[in-house]
Amino acid sequence: MGTEVLTPEGFRADGRRVHEPRGLQCCVGSGGRGEADGYAVFELGSTKAES
Numbered sequence: 019m020g021t022e023v024l025t026p027e028g029f030r031a032d033g034r035r036v037h038e039p040r041g042l043q044c045c046v047g048s049g050g051r052g053e054a055d056g057y058a059v060f061e062l063g064s065t066k067a068e069s
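Sequential numbering of the sequence shown, starting at 19, is according to this note's numbering.
Possibly wrong hints are sitting among the right ones.
As the list claims (entries may be wrong) - Simulated DEER-style distance windows between Cβ atoms: (1) E61 to F29: 20 to 28 Å; (2) G63 to T21: 44 to 52 Å; (3) K66 to A31: 26 to 34 Å; (4) A31 to F60: 18 to 26 Å; (5) S48 to E27: 43 to 51 Å; (6) P26 to G63: 35 to 43 Å.
Derived from the structure by calculation, the hints contain no laboratory data.
Source: prediction; values computed, not measured.
Positions of the beta carbon are idealized from the N, C-alpha and C atoms, including for glycine.
Using the sequences and the hints, build the whole thing.
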């Protein structure tokens, strides 16, 4: 893992404390997106993955 810079108060640059996880969101469904049989969207912090 890389080195992380913390404020003197113990916060990361995004405002979380060291042991606070990023927010995780997940959405799954069927149909409604073109020709696909289903879809899924996962978001972790500012990272988003769609399938």
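Against the structure, the hints:
1. Between E61 and F29 the CB atoms are about 22 Å apart, so this pair conforms to the stated range of 20 to 28 Å.
2. As the Cβ distance of G63 to T21 is approximately 18 Å, the hint placing it in 44 to 52 Å is violated.
3. Taken as a hint, the range 26 to 34 Å is violated for the pair K66 and A31, whose Cβ atoms sit roughly 19 Å apart.
4. A C-beta distance of roughly 23 Å is found between A31 and F60, which places it inside the suggested range of 18 to 26 Å.
5. The hinted range of 43 to 51 Å is satisfied by S48 and E27, whose Cβ atoms lie roughly 46 Å apart.
6. For the pair P26 and G63, the supplied restraint of 35 to 43 Å is violated, since their beta-carbon distance comes to about 23 Å.
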